[in-house]
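A.B. asks: Turn these sequences into a full structure, and let the hints guide you.
In the order they appear, the protein sequences are chains S, E and A.
Going by the numbering used here, 29 is the number at position 29 of the first sequence; the sequence numbering is gapless.
Going by the numbering used here, 693 is the number at position 556 of the second sequence; the sequence numbering is gapless.
Going by the numbering used here, 990 is the number at position 183 of the third sequence; the sequence numbering is gapless.
Beta-carbon label-pair distances, calculated as ranges:
{"#": "1", "chain 1": "S", "residue 1": "V83", "chain 2": "E", "residue 2": "L545", "range": "51 to 59 Å"}
{"#": "2", "chain 1": "S", "residue 1": "N39", "chain 2": "A", "residue 2": "Q930", "range": "17 to 25 Å"}
{"#": "3", "chain 1": "S", "residue 1": "L99", "chain 2": "E", "residue 2": "H773", "range": "23 to 31 Å"}
{"#": "4", "chain 1": "S", "residue 1": "W117", "chain 2": "A", "residue 2": "Q930", "range": "44 to 52 Å"}
{"#": "5", "chain 1": "A", "residue 1": "Q930", "chain 2": "E", "residue 2": "F775", "range": "27 to 35 Å"}
{"#": "6", "chain 1": "A", "residue 1": "G887", "chain 2": "S", "residue 2": "V54", "range": "29 to 37 Å"}
{"#": "7", "chain 1": "A", "residue 1": "S925", "chain 2": "E", "residue 2": "H773", "range": "20 to 28 Å"}
{"#": "8", "chain 1": "S", "residue 1": "L99", "chain 2": "E", "residue 2": "F544", "range": "33 to 41 Å"}
{"#": "9", "chain 1": "S", "residue 1": "L99", "chain 2": "E", "residue 2": "T710", "range": "34 to 42 Å"}
{"#": "10", "chain 1": "E", "residue 1": "L457", "chain 2": "S", "residue 2": "N39", "range": "34 to 42 Å"}
Since the hints were derived computationally from the structure, they do not count as laboratory data.
Glycine included, C-beta positions come from ideal geometry on N, C-alpha and C.
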Amino acid sequence: MSDEELNPLFHPDGSAEGGDVAPGDASEESAGHWVLNSNLGLGFSIVLTVAAFVLAGSHIIYGPSVPVALIVLAIAQMGVHLVFFLHVTTGPDNTNNVLALAFGILVVFLIIAGSMWIMSHLSHNMMPMNQLARMQP
Amino acid sequence: MFGKLNWSAIPIDQPIPLITSMVLILIILGVLGLITAKGWWPYLWREWITTVDHKRIGIMYCLLGVVMLIRGFSDAIMMRSQQALAIHAAGYLPPEHYDQIFSAHGTIMIFFAAMPMVIGMMNFVTPLQLGVRDVAFPTMNSVSFWLTAAGALLVNMSLFIGEFARTGWLPYPPLSETAYSPGVGVDYYLWAVQISGVGTLMTGINFVTTVLKMRCPGMSYLRMPMFCWTTLAASLLIVAVFPILTATLAMLSLDRFFGWHFFTNTAGGNPMMFVNLIWAWGHPEVYILVLPAFGIFSEVFSTFSGKPLFGYRSMVAATLFICIVSMMVWLHHFFTMGSGPAVNTAFGIATSVIAVGTGVKIYNWIFTMYGGRVRFSVPMLWSLGFIFTFVIGGMTGVLLAVPPADFLVHNSMFLVAHFHNVIVGGVIFGLFAGLDYWFPKAFGFRLHQGWGKATFWFAIVGFWVTFAPLYWLGLEGMTRRLQHINVEAWRPMLYVSLFGVGLLVIGVICQVVMLVVSILRRDELRDVTGDPWDGRSLEWATPSPAPFFNFAVLPNVEGEEAYWGIKLRAIETQHLSPEPKYEPIEMPANSPVGFFTAFFATVTGFSLIWQIWWLAALGLVAAFAGFVVFAWRDVHDFHVPADEVARVDRARRAAREAEIERLAQQGALP
Amino acid sequence: MSDLPATVETLRRLHEDPHRLGHSGHGREGPVPGTGHGESGPASKRIIVGYGFWIFLLSDIVLFSCFFAAFAVERGATNGGPGIRDLVEMPRVGLETGALLLSSYTCGLSFAATNAKSRLWTQVFLIITGLLGLAFVLMELQEFVSLWARGIFPQRSGFLTAFFGLVGCHGLHVTLAGVWLATMMAQIQVKGFRPEIVHRLICFNLFWHALDIVWIGIFTIVYLMGVGP
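C.D. replies: Set out below in structure tokens:
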């Protein structure tokens, strides 16, 4: 039992094909592959992090586009983490994991974007008269 | 030493809560004394308190839900009678007490009556229908249950020690902030809901994993019974939105405990943000309740019409559609807050669109009955009553989804009537149908049909007599939560509504009588074959009551309606499939970790409510220690010997053979 | 039910109805391949545990998203007090980020060592992970204390409440993960690589990486976008 359980490829009916892989587990299993992935992940992450920190403190690119660039870099780095550290792949053994991830991203998007949209309209509509007057040119 | 707790917390001067809690304490002491006198503690501890069997946990969930349903219903009786008595008069409930009652009614009904019963059904049925032996995380399941029970305990403690929230079932700030609610009432709400919410979240995780990863061989997605699909959808919603509840209530607690400014109306806090976040949880929550009820109706309609569910795939699609879209409509609870036309329109349209998914389901159920051999048993009656009631509730919902119309009836009795219309007509009717439907699988005998039918008729007539007047009153301009009424014209309708409550009381009495009569006459109501309703899904392939390992051998599913196929073949050939080779079964061992976690959660919650910080810290440390002890244990499961498995399964096979024999003798077989 | 069950009725119709008009194709067909997963029965415990924890992470991320939303909404509500620009010390944020990123890396290595069944290297990498996490928490704590000393605390304004709420929530998660890590290292030492312990290591690995992903959001949205031009 325990030996089989230690092997991520283990499947009760003995077939590895068409089975699933736990999130954060990898199907082609070798410590070397795992370490390689980690090294790649660390390398990409360092590049992206340094880029973000440099951009934020400087005027290399057009000022108003900095927040957008920062968000793009953050999303890229999250992707790097998912692929290289969490071993999320597009393979069929990962379908359930990716679907759950997509569902989570949808929920997060709905909450953050929905809240910001609702609350910004609300604070615009509900602004006290004196502040509204101050906003007029 | 004891924070804010002192003797003045006991409501000596208020007769109603004092007498009620005295009676309750006496009842509890009596029950505990009886258990001690009879020496039942070892049995209870071994078979129920520490059990990790999903069926037992499901039964305990339902029991908790039913008890809390009665508690919530007594709150409802008090509210209806207060309003009927307080027309140009004082009534018998002072405002601060009345406010606690309507707050407790909503909180208890949603969190501690409807949720436990829905989750109880999911627990009991889903693994059986999937053809597996337990849920994905059996011990965590027990923790979930006990945390829910701990929350329920805390709410009911507020009756006797201190007070409950006076803020409504969702504590809107700034009213719920310390400045306006300095007492412990809101804290009781916060910690009770927080603790049970964690339990619910774990249930959600458990069932998503169970449905997606634990299915018997051959049970592909599109062969799962409808109830499993709705369980999956509801669990996904739990996982998606209960964290929002946790976060929002945590923010409110930070405001109250430490003077932070998430939701205050001073220092840049934003009370509307609370309303926004809480409904981002609150709207999906009603679908968490109603989707499993839809699943129950799907099973009932199909079984009692003797036909496969009409439009199974469209039903699956509609369920998942509702699951996703229900997270995009939350603003319709606060159209009037002032977000403006763009936002209101978008959410209004989304709200109307979600009705399409429900409409698909309603038509599918109707077409399931069409051309079928419909048997009007009790579960079927509840389901038919549901279609009638829920459609009307849904249509008033679509009315409320139109922002200009909503502006007129927002927070009126019309709204109250609407959501009772969908929650009672949808969720409660569904749960009662499910109780009657799966009761034999849980206990081995059916419920008495006559008393069940009486319950149904009193419930549906009582429901309409109670709530139809509230629609009227809402259109007349009566707002909700009134403790005192000074409009003479509302008097007749309030009396009619109170009369309806009387009918509902008779319905409850019928329900209790039904239970007692069924237990007394259990021998003639015995379900021998394990398939009392001529069912179609795998739970009916097991004996009644189902053995703790569910299936002697995991079934091998070869099509939709797994058990139906097996049964057709058996009856046609007049033989069961050949006896399988029985093997020992590995089952998870009992664990007291759920009970201890809940005990420490109650202690911690209670001490946080009264701000007894040292006790709270102690409770948390003890809970952590408990988990470590659990993680350290060596024995996780035990083996059921093959002989025992064979004995149980041979008894089942013998009963089924006898049934086939009986049918053959009737000359019914082709 | 007594007399004639619907099963019998269905069979009778099937026999009387050669064109099978009364039969809608359920129940009697053979297995249909490719209709979904699950042909082979329940998944192994390893997959179940990993997947369950993945779902938990999903819910935890949703929890964070509420704090992010609160921060986004109350970002400007400074109530005349300090704004985000007055809070950020870039070098410290850089160090915190470095510590957490490196700990993610060592955490991944520890799991590689687990798969290679090397208890020593697993423990070594786990302890490095834990120490880096501790360094992160201490730096954050020091940040909070120094802000407090400057009169910047959550009771001051809606903005500061949202800031401390979001960053503190993450810090609390890292702290709890550290407690978990310490417990589990003791367990590995006492019990070795039992299946259930390896399952928990998978979960811990996931949790630690997820916390790093949340931190990417925090340092970008709270800190870097706060000091932007």
